[in-house]
Amino acid sequence: MNIKNIQNEIVDEFDLFDTWMDKYEYLIELGKSIPLISQDKKTNDNIIKGCQSKVWLYAEKDAEKVKFYADSDAVITKGIISLLIRTFSNQKPNDIINANTDFIDKIGLRDHLSANRANGLNNMIKKIKFYAIAFSKNS
Amino acid sequence: MEILSKIESLRNDFPILNTSINGNKLIYFDNAATSQTPNCVINSISDYYKNLNSNIHRGVHSLSLMATEKYEDARKKFKSHFNAKSSSEIIFTSGTTHSINLVSSGFSKFLEKGDEIIVSQLEHHSNIVPWQMLCEKTHAEMKVIPMNEKGELDLNKFSKILSKKTKIVFVNHVSNALGTVNNIEKIISLSHSVGAAVLIDGAQAAPHFEIDVSKLNVDFYVCSAHKFCGPTGVGILYGKKEWLNKLPPYQGGGEMIDEVSFEKTTYSDLPNKFEAGTPNIAGVIASGVALDYINNIGLKHIKEYENYLLDYATKKLLEIDDLKIYGESKNKTSVVSFNIGKIHPYDIGSILDNLGIAVRTGQHCAQPIMDYFKISGTIRISFYFYNTTDEIDKLVDGLNRAIKMLS
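Chains as they are written, first to last, in our numbering: chain A, 1 to 139; chain B, 1001 to 1407.
There may be inaccurate statements among the hints.
Within a straight-line C-alpha distance of at most 30 Å, the following computed DSS-like cross-link-like pairs (lysine-lysine) qualify [unchecked claim]: (1) B:Lys1300 / A:Lys54; (2) A:Lys32 / B:Lys1342; (3) B:Lys1241 / B:Lys1079; (4) A:Lys49 / B:Lys1300; (5) A:Lys54 / B:Lys1374; (6) A:Lys49 / B:Lys1394; (7) A:Lys41 / B:Lys1079; (8) A:Lys106 / B:Lys1025; (9) A:Lys106 / B:Lys1404; (10) A:Lys129 / A:Lys92; (11) B:Lys1085 / B:Lys1300; (12) B:Lys1109 / A:Lys42; (13) B:Lys1324 / A:Lys42; (14) B:Lys1246 / B:Lys1167; (15) A:Lys129 / A:Lys32; (16) A:Lys137 / A:Lys92; (17) A:Lys42 / B:Lys1374; (18) A:Lys32 / B:Lys1241; (19) B:Lys1324 / B:Lys1246; (20) B:Lys1167 / A:Lys41; (21) A:Lys54 / B:Lys1241; (22) A:Lys32 / B:Lys1006; (23) A:Lys42 / A:Lys129; (24) B:Lys1374 / A:Lys49; (25) B:Lys1025 / B:Lys1300; (26) B:Lys1394 / A:Lys32; (27) B:Lys1109 / B:Lys1167; (28) A:Lys4 / A:Lys67; (29) B:Lys1109 / A:Lys32; (30) B:Lys1079 / A:Lys42; (31) B:Lys1109 / A:Lys54; (32) A:Lys4 / A:Lys126.
Hints listed in this document are in silico derivations from the structure and should not be mistaken for laboratory results.
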């Protein structure tokens, strides 16, 4: 599935819930199936700055596609990064670079985060795009 | 308890307490970060811009004279509230951080290599970093008063690190992260016995109890108006006259000068020497109104009621499985810092926010304390006189709901 379709799918799923408590429960659930970063990759270099909780993100290239792995010590954050991984993992570097991320606004997530947490989310997206740029240059 | 019968009418003074957050009535438990603002303070700011707006200490016109009088009235209020010897010992700044920087920056004049300065492990970053910058500049050395597992300072260790080399000691009156009330009387007398000056960061104390700087015999006492119902952007620096006269000006500009020529400028007397430029006139006047407001309720009554809330909250919270409170000193203000099992404070804070409950999560700008306990942060609730036991019950319900979702 392409990035746009995955994003639409996520927006539809979140539309099913009326309250943010339910949406949070769903986010927490999604976080449980995140492709986990291996313990030896949980280094300072792979920590995303600007988050109140710790978030580690690592990527590798498999054939033409980028695969992301992550973890966080906070379960809601883990849910958020799992949404990003679902969107961007197994996609081509150029598709990741060119993708927009307005699905986050559509599900209302950004409005629901405090400024510093929203900043953390922006840093997650930046790091994902940086990986894609690095891999696009290597190919 | 006198305050109990007045709570409803006091709460009506604060329009924000009727706000809804995410569809729930706001429960505000982040008072250690900033307190809420009563109508009288909001009206004072609005009245200033409607009726008085002009620059102080300069004009001969009526507006300027009236604004100057109100501004200086506020200074007199703080002078008598803190029992300073003279109004010129009260300097208005933009906040506690600014007050500390004003003093620490001036101290570069008095320090040299080989001198020592002393901080405590319980400090907010704003009472650590300015002094580290001072050490970088002067090559003085910073020593630390350690704390114990209850979150209390070890004053025996303090007397051991204190020496004739110590030039200034800077400690908070109350810890923002744990609520510990420090024995500043002892810290001041021990410091003075070796000839060291003392700065007390009273940001978390001034909102909750009476402070008598003359009785304390403290050299500098600093606090922020927005923590006791005043507006943001106003800080108070009390300094003994002999110290303020010795300290160099922090900023140059208008109002702080006596005579200016390109060859040499001489500075004004206190307090103007430290108030360069146009100050936050509306904010200072409104801070005086806030001071009257809390004094009208009575700090004794506020303290008594907050102790009651603290005891109630501590008891209720400890009924939750795996909840650990950090900061267990007997002498505390109404702050409870805690964690529940291995749940991240951020997760709990997010769920509570959804329920309209405002708490602080994280390190509370006090990383050395978190390092001591080897934790990444805590959830902190902090009360003021407008909070109620009913709100604490709702918090406990919210926490139980969050625990269910998060574990």
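Against the structure, the hints come out as follows:
| no. | hint | verdict |
| --- | --- | --- |
| 1 | B:Lys1300 / A:Lys54 | 42 Å, violated |
| 2 | A:Lys32 / B:Lys1342 | 16 Å, holds |
| 3 | B:Lys1241 / B:Lys1079 | 13 Å, holds |
| 4 | A:Lys49 / B:Lys1300 | 44 Å, violated |
| 5 | A:Lys54 / B:Lys1374 | 15 Å, holds |
| 6 | A:Lys49 / B:Lys1394 | 34 Å, violated |
| 7 | A:Lys41 / B:Lys1079 | 58 Å, violated |
| 8 | A:Lys106 / B:Lys1025 | 26 Å, holds |
| 9 | A:Lys106 / B:Lys1404 | 28 Å, holds |
| 10 | A:Lys129 / A:Lys92 | 11 Å, holds |
| 11 | B:Lys1085 / B:Lys1300 | 23 Å, holds |
| 12 | B:Lys1109 / A:Lys42 | 46 Å, violated |
| 13 | B:Lys1324 / A:Lys42 | 28 Å, holds |
| 14 | B:Lys1246 / B:Lys1167 | 14 Å, holds |
| 15 | A:Lys129 / A:Lys32 | 23 Å, holds |
| 16 | A:Lys137 / A:Lys92 | 12 Å, holds |
| 17 | A:Lys42 / B:Lys1374 | 19 Å, holds |
| 18 | A:Lys32 / B:Lys1241 | 62 Å, violated |
| 19 | B:Lys1324 / B:Lys1246 | 47 Å, violated |
| 20 | B:Lys1167 / A:Lys41 | 47 Å, violated |
| 21 | A:Lys54 / B:Lys1241 | 48 Å, violated |
| 22 | A:Lys32 / B:Lys1006 | 49 Å, violated |
| 23 | A:Lys42 / A:Lys129 | 19 Å, holds |
| 24 | B:Lys1374 / A:Lys49 | 20 Å, holds |
| 25 | B:Lys1025 / B:Lys1300 | 29 Å, holds |
| 26 | B:Lys1394 / A:Lys32 | 29 Å, holds |
| 27 | B:Lys1109 / B:Lys1167 | 12 Å, holds |
| 28 | A:Lys4 / A:Lys67 | 17 Å, holds |
| 29 | B:Lys1109 / A:Lys32 | 58 Å, violated |
| 30 | B:Lys1079 / A:Lys42 | 55 Å, violated |
| 31 | B:Lys1109 / A:Lys54 | 42 Å, violated |
| 32 | A:Lys4 / A:Lys126 | 18 Å, holds |
Checked against the numbered hints given earlier, the structure breaks hints 1, 4, 6, 7, 12, 18, 19, 20, 21, 22, 29, 30 and 31 and satisfies all the rest.
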